[in-house]
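Chemist: Listed below, chain by chain, are the residues.
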Amino acid sequence: MAVLQGAEAKLYLGGDFYGRPCIIKERFQKNYRHPILDKALTSQRIKSEVRANLRCRIAGIQTPTIFMVNFDTNSIYMEEIQDAVTVRQHINTVQAAELNPASACSQLKPLAEAIGRTLAKMHTSNIIHGDLTTSNMLLEGDPSELSLFLIDFGLSSFEASAEDKGVDLYVLERAFLSSHPNSQELFDCILAAYTDQTQDKNACKEVISKLDEVRLRGRKRTMVG
Amino acid sequence: MATYKKIKHVLYPDSTITLALYSGLESCKDLRKSVMEGTVVASLLKPSMIVDPFQVLTAANKAVHLSRTNNMTTKNVHSEILFCLSPSKNISESFRSFGAADSDTSVFVAIVDDAEDKTLTRISEILGLSPVSIDDVASLADTVLITKAYKLSEEEISTYPILDALVSRIAAKEIITAGKGKN
Amino acid sequence: MDTAISERLSAELRVPFPSAWEAEVAYNSLSVDKEPKRGHVHRDLSLDGNIMQVCFQASEARTLRVSINSFFEHLKLVCETIDQFRPL
Amino acid sequence: MVVAIGFEGSANKLGIGIVKDGVVLSNPRHTYITPPGQGFLPKDTAKHHREHALSVLKLALEEANIKPEEIDVVCYTKGPGMGAPLVSTALVARTVAQLWNKPIVAVNHCIGHIEMGRLITGAQNPTVLYVSGGNTQVIAYSDKCYRIFGETIDIAVGNCLDRFARVLKLSNDPSPGYNIEQLAKKGRQYLEMPYVVKGMDVSFSGLLSYIEEKAPKLIESNAYTPEDLCFSLQETVFAMLIEITERAMAHCDSNEVLIVGGVGCNKRLQEMMGVMASERGATLYATDERFCIDNGAMIAQAGWEMFRSGVVTPLDQTTCTQRFRTDEVEVTWRS
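Residue numbers (full-length UniProt numbering), protein chains in the order written: chain D, 1 to 225; chain E, 1 to 183; chain W, 1 to 88; chain C, 1 to 335.
Keep in mind that the hints were calculated from the coordinates and are not lab data.
Treat the hints with care, since some could be wrong.
[Said to hold, decoys possible] Simulated crosslink set (DSS-like; lysine-lysine; CA at most 30 angstroms straight-line):
no. : chain 1 : residue 1 : chain 2 : residue 2
1   : D       : K109      : D       : K121
2   : E       : K33       : D       : K47
3   : E       : K33       : E       : K75
4   : C       : K67       : D       : K39
5   : D       : K210      : W       : K37
6   : D       : K39       : E       : K75
7   : E       : K89       : E       : K29
8   : C       : K214      : D       : K39
9   : C       : K214      : D       : K210
10  : D       : K39       : C       : K185
11  : E       : K151      : D       : K121
12  : E       : K89       : D       : K39
13  : D       : K121      : E       : K148
14  : C       : K169      : W       : K34
15  : D       : K47       : E       : K151
16  : E       : K75       : E       : K151
17  : W       : K76       : C       : K67
18  : C       : K186      : W       : K34
19  : D       : K10       : E       : K8
20  : W       : K76       : C       : K102
21  : W       : K34       : C       : K267
22  : W       : K37       : C       : K47
23  : W       : K34       : C       : K102
24  : C       : K169      : C       : K186
25  : C       : K267      : D       : K39
26  : D       : K47       : E       : K29
27  : D       : K10       : D       : K39
28  : D       : K47       : E       : K8
29  : E       : K118      : D       : K121
30  : D       : K109      : C       : K67
31  : C       : K43       : W       : K76
32  : D       : K47       : C       : K214
33  : C       : K102      : D       : K39
34  : E       : K151      : D       : K201
35  : E       : K89       : D       : K47
36  : W       : K37       : C       : K43
37  : W       : K76       : C       : K169
38  : W       : K76       : C       : K144
39  : E       : K118      : E       : K29
40  : C       : K186      : C       : K267
Since this is a predicted model, take the numbers as computed values, not measurements.
With the rest of the complex left out, here is chain D:
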């Protein structure tokens, strides 16, 4: 069984859950933090992960099927998405293969739009992912089919506020631009599709203006000391 060590969880890959491909995500103890805090965070994040996963499914967003939750080992057993790449890998592959940035961008545009539509659906259901990055999105099968999965909901919450949705998009923007330098245009495609897909135009406007506000908080903050 292959093991991937993340910052707060180990992923055991290539497992089998009664005949179905399975991965085990085991949150391990973080010895740097107070045991009470550690326990509370671990349990809270397992619950958030499972809850948001299900809420996304109910909203029609693809997430891995959860097979089992083991609170004794802080593990979630879930479906291993077969033949999948992360969106981060896919974007890097396309950008590396296409020497012309403009044509890479136009090739990736449908994906950006699919991401925007998915996030709109997610926010319409008041699901805040909390850690949106291109590593937390998977493309199953042929990437051109845009079979998009969202994963890693450990930092998620259930909030209706424009502030939380705006911050969620801000987190994605920062992660997106740091993982994929010079891809502002692609991120703008995500936002455009997000705006287009959101039915409640006023609510959407509020989210985007919160996003602008949070962006400025970073740029305009007076930093003393």
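Fit chains E, W and C to the known structure of chain D by using the hints.
Modeler: What follows is chains E, W and C alone, placed relative to chain D:
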């Protein structure tokens, strides 16, 4: 009797789960009586609420784990399978919706740790029938009833196989059901 | 707009230094920072030999006073620095 | 051989330091300390800097045993920071640069911290946690830029600690954060409080409001001691900082971590970071209060790097700015 399945538990290899399906029964009355009297120790489930044996396996897997970790809600592992299968946190409601009834003409059986298939053999004797293929349960499933019981959304049914929706809910039951939850 | 400017308050300072060089050092140090925009004070620095001339314009006496005070504080610091750290 | 003198006055410390090719020759500092329960205001802080700049400058030259003519470059903090204190300090730097006929280099305060940390610890290419009264950033170098991977989306961690110190009316001498740290050592009971991490960003304002409101009641009812609350606050905010630092390290595949900034001399923060680093096979680099807290040598060191790579700031462009992002500076001195 090559049609039933006996499966090792993923976490506890010393434990097995036996699944079997019987159909074409006159009634389930005698079998239920034996279970209630304790002469047969098994979980008797309604095939109309089951789309795939994997659904039961998920519930049984969870029940065994809860039993091993002393976290069961019901009194034994076989009633726990029924409770795990049901999305309700109400025990008697779970039994009503997911447990076999006297008048049922088919029954899905789940048995934990059935040494030498003694229980399964006994069930076949009581029913006077051999089990059919467990995969036949798909044809007995009442998806309208299931969709209602598990409160599946339209978006969900159009995005996923119904089985995956049920499995996720079974795995996550105590987390998504407010009021009852550990940790 | 022209009338508004003509109605503004103004003040002029002439600061003599021991030499033109010292005046220039002070001028260069003090002319970098612009007056804060929100104060609406206009400050003009110029050099005439060993004399630094400062002209303030403001629409309010309060902001004019704040600006002049602040200028004196800075000027004092620069003069002390020159006195204490000039090359021997 | 290049000798650089650095002038720092972006907050309540006035520091002047002299660095000669990576050796700190002198680094005196004078801190403006306000009465308990009070923060420092720009106007009063600027006055403090003006009053002490020249004596500190004398001390810096004496301790280093350096004559002005031996200095090659004058460096000063351009920002970020409080406007009036920055300007007062820059005035002295501009004036001596002219008196001694030396070039001048404008330095980003945050980059001063990073370069000083690298110099003192020998860290090569660390993920940097920069934590102070005004800043909370997780930074990593790539492609001629110190990129900000995570930061606070509202107030800085040092500000959060300082404001809690004011609630408890702790002394500001030597610093509110230091006094919280001392009390926290005696804390036993852990109080759970809001823990907010969003991706690689953190937020402290909710936590601060929570504890500002709860603390007086909890102390009065004897449910928690001030020591317990200092302890709980530190445990919570530091855990948030370590978490985002670790995420950035995982993201950048980094095996070095450096803590800089005034909050960075907190021993408990260093200890927690050390545990995280060792568990992922990384090395922790940290410095003590001489270099963590704002000082002149850090500005000299960053300016020295810049100057050697050919950067000089024309005198008429030696302005100050309250807002100056770490990622705005082109890092010409690193490959």
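Chemist: Give a verdict on every hint.
Modeler: Going down the list of hints, with the structure as the test:
Using a Cα cut-off of 30 angstroms, the hinted pair K109(D) and K121(D) holds, with the two alpha carbons roughly 18 angstroms apart. At most 30 angstroms may separate the alpha-carbon atoms for a hinted pair to count; K33(E) and K47(D) exceed this at roughly 39 angstroms. A C-alpha spacing of about 18 angstroms is found between K33(E) and K75(E), which places the hinted pair at or below 30 angstroms, so the restraint holds. For the suggested pair K67(C) and K39(D), the alpha carbons sit about 59 angstroms apart, so the restraint of at most 30 angstroms is broken.
Simply put, K210(D) and K37(W) have alpha-carbon atoms about 28 angstroms apart, close enough for the 30 angstroms limit, and the pair holds. Note on K39(D) and K75(E): the hinted pairing holds, with a Cα-Cα distance of about 29 angstroms set against a maximum of 30 angstroms. Distance hint between K89(E) and K29(E) is fulfilled; the C-alpha atoms sit about 26 angstroms from each other, no more than 30 angstroms. Annotation: proposed proximity of K214(C) to K39(D) holds, straight-line Cα distance about 23 angstroms (limit 30 angstroms).
The hinted pair formed by K214(C) and K210(D) meets the criterion: a straight-line CA distance of about 29 angstroms does not exceed 30 angstroms. Annotation: proposed proximity of K39(D) to K185(C) holds, straight-line Cα distance about 22 angstroms (limit 30 angstroms). In summary, the hint linking K151(E) to K121(D) is supported, as the alpha carbons are separated by about 19 angstroms, within the 30 angstroms threshold. Proximity of K89(E) to K39(D) is assessed by CA-CA distance (about 26 angstroms); at most 30 angstroms being required, the pair is judged to hold.
Taking the CA atoms of K121(D) and K148(E), the gap is about 23 angstroms. The hint holds against a cut of 30 angstroms. Restraint check for K169(C) and K34(W): the C-alpha separation of about 38 angstroms exceeds 30 angstroms, so the hint is violated. Of the supplied pair hints, the one linking K47(D) and K151(E) holds, its CA atoms being roughly 20 angstroms apart against a limit of 30 angstroms. For a cut-off of 30 angstroms, the pair hint linking K75(E) to K151(E) stands: about 27 angstroms separates their Cα positions.
With a C-alpha separation of about 24 angstroms, the suggested pairing of K76(W) with K67(C) holds against the 30 angstroms cut-off. At roughly 50 angstroms between alpha-carbon atoms, K186(C) and K34(W) are farther apart than 30 angstroms, so this suggested pair is violated. Note on K10(D) and K8(E): the hinted pairing holds, with a Cα-Cα distance of about 25 angstroms set against a maximum of 30 angstroms. The suggested pairing of K76(W) with K102(C) holds, with an alpha-carbon distance near 22 angstroms, which does not exceed 30 angstroms.
Between K34(W) and K267(C) the CA atoms are separated by roughly 42 angstroms; this puts the pair beyond 30 angstroms, and the hint is violated. Restraint check for K37(W) and K47(C): the C-alpha separation of about 21 angstroms stays at or below 30 angstroms, so the hint holds. Distance restraint check for K34(W) and K102(C): the Cα-Cα separation of roughly 23 angstroms lies within the 30 angstroms cut-off, and the hinted pair is therefore satisfied. With a CA separation close to 17 angstroms, the supplied pair K169(C) and K186(C) stays within the 30 angstroms bound.
Note on K267(C) and K39(D): the hinted pairing holds, with a Cα-Cα distance of about 24 angstroms set against a maximum of 30 angstroms. Restraint check for K47(D) and K29(E): not satisfied, since their Cα atoms lie roughly 41 angstroms apart, outside the 30 angstroms limit. Between K10(D) and K39(D) the CA atoms are separated by roughly 17 angstroms; this keeps the pair inside 30 angstroms, and the hint holds. Between K47(D) and K8(E) the alpha-carbon distance is near 27 angstroms, which keeps this suggested pair within the 30 angstroms criterion.
Proximity of K118(E) to K121(D) is assessed by CA-CA distance (about 52 angstroms); at most 30 angstroms being required, the pair is judged violated. Only pairs whose Cα atoms come within 30 angstroms are accepted, and K109(D) paired with K67(C) is rejected, the gap being roughly 62 angstroms. A hinted pair counts as satisfied when its Cα atoms are at most 30 angstroms apart, and K43(C) with K76(W) qualifies at roughly 16 angstroms. For the hint linking K47(D) to K214(C), the alpha-carbon distance of about 27 angstroms falls within 30 angstroms, and the restraint holds.
At roughly 58 angstroms between alpha-carbon atoms, K102(C) and K39(D) are farther apart than 30 angstroms, so this suggested pair is violated. With a C-alpha separation of about 29 angstroms, the suggested pairing of K151(E) with K201(D) holds against the 30 angstroms cut-off. Pair hint K89(E) plus K47(D) holds up; C-alpha atoms about 17 angstroms apart against a cutoff of 30 angstroms. Restraint check for K37(W) and K43(C): the C-alpha separation of about 17 angstroms stays at or below 30 angstroms, so the hint holds.
Annotation: proposed proximity of K76(W) to K169(C) is violated, straight-line Cα distance about 36 angstroms (limit 30 angstroms). Note on K76(W) and K144(C): the hinted pairing is violated, with a Cα-Cα distance of about 40 angstroms set against a maximum of 30 angstroms. Proposed proximity of K118(E) and K29(E) is supported: the alpha carbons are some 20 angstroms apart, at most 30 angstroms. About 14 angstroms separates the Cα atoms of K186(C) and K267(C), which keeps this hinted pair within 30 angstroms; it holds.
The structure fails hints 2, 4, 14, 18, 21, 26, 29, 30, 33, 37 and 38 (numbered hints given earlier, in ascending order).
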